[in-house]
Amino acid sequence: MARITASVYTSHVPAIGAAIDQGKTAEPYWAPLFAGYEPSKAWLKANPPDAIFLVFNDHATAFSLDLVPTFAIGVAAEYAPADEGYGARLVPRVIGHPELASHIAQSVIQDDFDLTIVNRMDVDHGLTVPLSLMCGQPAAWPCPVIPFAVNVVQYPVPSGNRCYLLGRAIRKAVASYDRDLRVQIWGTGGMSHQLHGRRAGLINRKFDHAFLDQLIADPAGLARKPHIEYLREAGAEAIELVMWLIARGAMDDAEPGGKAPRVHHRFYHVPASNTAVGHLILENR
Amino acid sequence: MALDKPYLDIPGTTIFDMDESRKGYWLNQFCMSLMKAGNRARFKADERACLDEWPMTEAQKQAVMARDLNRCIELGGNIYFLSKIGATDGRSFQYMAGSMTGMSEEAYRKMMIDGGRSIEGNRYIGEKK
Numbered sequence: 001m002a003r004i005t006a007s008v009y010t011s012h013v014p015a016i017g018a019a020i021d022q023g024k025t026a027e028p029y030w031a032p033l034f035a036g037y038e039p040s041k042a043w044l045k046a047n048p049p050d051a052i053f054l055v056f057n058d059h060a061t062a063f064s065l066d067l068v069p070t071f072a073i074g075v076a077a078e079y080a081p082a083d084e085g086y087g088a089r090l091v092p093r094v095i096g097h098p099e100l101a102s103h104i105a106q107s108v109i110q111d112d113f114d115l116t117i118v119n120r121m122d123v124d125h126g127l128t129v130p131l132s133l134m135c136g137q138p139a140a141w142p143c144p145v146i147p148f149a150v151n152v153v154q155y156p157v158p159s160g161n162r163c164y165l166l167g168r169a170i171r172k173a174v175a176s177y178d179r180d181l182r183v184q185i186w187g188t189g190g191m192s193h194q195l196h197g198r199r200a201g202l203i204n205r206k207f208d209h210a211f212l213d214q215l216i217a218d219p220a221g222l223a224r225k226p227h228i229e230y231l232r233e234a235g236a237e238a239i240e241l242v243m244w245l246i247a248r249g250a251m252d253d254a255e256p257g258g259k260a261p262r263v264h265h266r267f268y269h270v271p272a273s274n275t276a277v278g279h280l281i282l283e284n285r
Numbered sequence: 286m287a288l289d290k291p292y293l294d295i296p297g298t299t300i301f302d303m304d305e306s307r308k309g310y311w312l313n314q315f316c317m318s319l320m321k322a323g324n325r326a327r328f329k330a331d332e333r334a335c336l337d338e339w340p341m342t343e344a345q346k347q348a349v350m351a352r353d354l355n356r357c358i359e360l361g362g363n364i365y366f367l368s369k370i371g372a373t374d375g376r377s378f379q380y381m382a383g384s385m386t387g388m389s390e391e392a393y394r395k396m397m398i399d400g401g402r403s404i405e406g407n408r409y410i411g412e413k414k
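Chains G and E, in that order, are what the protein sequence lines are.
Using the working numbering, read the first sequence as starting at 1 and increasing by one per residue.
Using the working numbering, read the second sequence as starting at 286 and increasing by one per residue.
Source of the hints: derived by calculation from the structure; they are not laboratory data.
If you're wondering where the values come from, they're calculated on a predicted model, not measured in any experiment.
Worth double-checking, as some hints may not be accurate.
[Unchecked claim] So, partial list: chain E residues that the calculated Cβ filter (under 8 Å) puts toward chain G: (1) 335; (2) 336; (3) 364; (4) 368; (5) 373; (6) 377; (7) 378; (8) 387; (9) 389.
[Claimed, not checked] Within a straight-line C-alpha distance of at most 35 Å, the following computed DSBU-like cross-link-like pairs (lysine-lysine) qualify: (10) E/346 with E/308; (11) G/45 with G/259; (12) G/45 with G/172; (13) G/206 with G/24; (14) E/346 with E/329; (15) E/346 with G/225; (16) G/24 with E/321; (17) G/225 with G/206; (18) G/225 with E/308; (19) G/225 with G/259; (20) E/329 with G/24; (21) E/321 with G/41; (22) G/206 with G/172; (23) G/41 with G/225; (24) G/206 with E/290; (25) G/206 with G/45; (26) G/259 with G/206; (27) E/321 with E/346; (28) G/172 with G/24; (29) E/395 with G/24; (30) G/172 with G/259; (31) E/321 with E/308; (32) E/395 with G/41; (33) E/321 with E/395; (34) G/206 with E/395; (35) E/329 with G/225; (36) G/24 with G/45; (37) G/259 with G/24; (38) G/41 with G/172; (39) E/290 with E/395.
Heads up, the beta-carbon is just placed ideally off N, CA and C, and yes, glycines get one too.
Work out the full structure, taking the sequences as your base and the hints as a guide.
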């Protein structure tokens, strides 16, 4: 049977991708940030998954205002890195896992989550920057990836609780897959940041640390945090953090009797461009 | 009955909700066109002619040509869409964000390195700092 072995959480700031692509990771501005991901790269190499279920958001790239799916699962064989206006990132194509993705879609939709099914999609920095942070610059990504796009651009976005419950449904779907696969689920975006208007540049360290603490210890409680708290306290674009709750809901302890995960790594850094960067690795026991 | 919008009293912040999206549909869709290199080149060659191909309001066109992102947002633009204009100009996201705050590029960059804008005094419109 397939199993979710671990969850990874990270911000996905586009400037991080640009810094990697342009060879700037050793510069004083960036070095402390990338140092925080060195243990993560080593961990991923030592614990290679068979597939990554990668929760991210599309930033007006694959989805214009013509179609705005709240939850969209990629079932394609591969995905190209998108041209977001600067030219496409020169990173490997993303190889999908159509069989597992289709299995998850079939299970989760029957579990009352109305997913949009995507057979063609270019993937933007929301998906490729987490891969770069965790894998560096390989010739190919280490395993197949199932892109799972959440609308956090067009308000209203799904509630934290909806995301948490969806994570639980994803865990159940993975557990009912017949092949023995080790699956990781990654939740990306955040942390505190605001990218528009006179309040741009907002950072709230206290909020971010409290979020990380509660994500680890009390995710069901955190799932009840209303949208307005994210928007007001951590910046309008920090609403991306609801996506972390999908990954957290897929961990063993979201079910009654499940064991709490082990915190393998925790990291926090300000700034990456306009944004606070947070990162966690949680392992199921 | 009116919808509950508890986010309207956050200072310097526009939540891109359904009303904003309806207002900004064509402006944002124009921005999406800049994701193709050919369209970026055409826009750079003649901004006005490109904008006139879209059923945007004159105010939206003027705001794009002035690169006044705060005004674009007032008119229904969303930052993730508007960022395609900055990308066309070769600007970074940090430049774009900073340009909306009234700060110089250098001052904004320094504020971020120093830990970013404080939340204190920035939660509610009219709040005392």
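Comparing the hints with the structure gives:
Residue-level restraint check for residue 335 of chain E is violated (minimum Cβ-Cβ distance to chain G is 15 Å; threshold 8 Å). Hint status for residue 336 of chain E: violated, given a least beta-carbon distance of 17 Å to chain G, over 8 Å. Hint status for residue 364 of chain E: holds, given a least beta-carbon distance of 4 Å to chain G, under 8 Å. Contact between residue 368 of chain E and chain G, as hinted, is supported at the beta carbon level, the nearest pair being about 7 Å apart and thus within 8 Å.
Hint on residue 373 of chain E holds. Least Cβ distance to chain G is approximately 6 Å, under the 8 Å limit. A cut of 8 Å between beta carbons decides the hint on residue 377 of chain E: the least distance to chain G is about 7 Å, and the hint holds. Using the Cβ-Cβ criterion of 8 Å, the hint placing residue 378 of chain E at the interface with chain G is satisfied: the shortest such distance is roughly 6 Å. Interface hint status for residue 387 of chain E: upheld, as the beta-carbon distance to the closest one in chain G is roughly 7 Å, under 8 Å.
Interface hint at residue 389 of chain E: violated, since its Cβ lies 13 Å from the closest Cβ of chain G, which is beyond the 8 Å cut-off. A C-alpha spacing of about 14 Å is found between residue 346 of chain E and residue 308 of chain E, which places the hinted pair at or below 35 Å, so the restraint holds. Of the pairs offered as hints, the one joining residue 45 of chain G and residue 259 of chain G holds, with about 25 Å between alpha carbons and a cut-off of 35 Å not exceeded. Restraint check for residue 45 of chain G and residue 172 of chain G: satisfied, since their Cα atoms lie roughly 26 Å apart, inside the 35 Å limit.
Distance restraint check for residue 206 of chain G and residue 24 of chain G: the Cα-Cα separation of roughly 29 Å lies within the 35 Å cut-off, and the hinted pair is therefore satisfied. About 14 Å separates the Cα atoms of residue 346 of chain E and residue 329 of chain E, which keeps this hinted pair within 35 Å; it holds. Simply put, residue 346 of chain E and residue 225 of chain G have alpha-carbon atoms about 39 Å apart, too far for the 35 Å limit, and the pair is violated. About 27 Å separates the Cα atoms of residue 24 of chain G and residue 321 of chain E, which keeps this hinted pair within 35 Å; it holds.
Restraint check: the Cα-Cα separation between residue 225 of chain G and residue 206 of chain G comes to about 15 Å, which is no more than 35 Å; the hinted pair holds. For a cut-off of 35 Å, the pair hint linking residue 225 of chain G to residue 308 of chain E stands: about 29 Å separates their Cα positions. Our distance criterion of 35 Å between C-alpha atoms is met by residue 225 of chain G and residue 259 of chain G, whose separation comes to about 23 Å. With a CA separation close to 29 Å, the supplied pair residue 329 of chain E and residue 24 of chain G stays within the 35 Å bound.
This hinted pair checks out: residue 321 of chain E and residue 41 of chain G have alpha carbons roughly 34 Å apart, not beyond 35 Å. As the CA atoms of residue 206 of chain G and residue 172 of chain G are separated by approximately 34 Å, the hinted pair is consistent with the 35 Å bound. Between residue 41 of chain G and residue 225 of chain G, the direct Cα distance comes to roughly 31 Å. Compliance with the 35 Å bound is thereby established for this hinted pair. For the hint pairing residue 206 of chain G with residue 290 of chain E, the CA-to-CA distance comes to about 25 Å; that is within 35 Å, so the pair holds.
The hinted pair formed by residue 206 of chain G and residue 45 of chain G meets the criterion: a straight-line CA distance of about 32 Å does not exceed 35 Å. For the hint pairing residue 259 of chain G with residue 206 of chain G, the CA-to-CA distance comes to about 28 Å; that is within 35 Å, so the pair holds. Of the supplied pair hints, the one linking residue 321 of chain E and residue 346 of chain E holds, its CA atoms being roughly 19 Å apart against a limit of 35 Å. Among the hinted pairs, residue 172 of chain G with residue 24 of chain G is inconsistent with the structure: their alpha-carbon atoms are about 41 Å apart, more than 35 Å.
Between residue 395 of chain E and residue 24 of chain G, the direct Cα distance comes to roughly 19 Å. Compliance with the 35 Å bound is thereby established for this hinted pair. This hinted pair checks out: residue 172 of chain G and residue 259 of chain G have alpha carbons roughly 16 Å apart, not beyond 35 Å. With a CA separation close to 24 Å, the supplied pair residue 321 of chain E and residue 308 of chain E stays within the 35 Å bound. Straight-line distance between C-alpha atoms of residue 395 of chain E and residue 41 of chain G comes to about 30 Å, which keeps the hinted pair within the 35 Å bound.
Between residue 321 of chain E and residue 395 of chain E the alpha-carbon distance is near 33 Å, which keeps this suggested pair within the 35 Å criterion. Annotation: proposed proximity of residue 206 of chain G to residue 395 of chain E holds, straight-line Cα distance about 20 Å (limit 35 Å). A distance of roughly 44 Å separates the Cα atoms of residue 329 of chain E and residue 225 of chain G; the hinted pair therefore is violated under the 35 Å criterion. At most 35 Å may separate the alpha-carbon atoms for a hinted pair to count; residue 24 of chain G and residue 45 of chain G meet this at roughly 23 Å.
Simply put, residue 259 of chain G and residue 24 of chain G have alpha-carbon atoms about 41 Å apart, too far for the 35 Å limit, and the pair is violated. For the hint pairing residue 41 of chain G with residue 172 of chain G, the CA-to-CA distance comes to about 28 Å; that is within 35 Å, so the pair holds. Among the hinted pairs, residue 290 of chain E with residue 395 of chain E is consistent with the structure: their alpha-carbon atoms are about 34 Å apart, no more than 35 Å.
Figure legend: structure checked against the earlier numbered hints; hints not met, in rising order: 1, 2, 9, 15, 28, 35 and 37.
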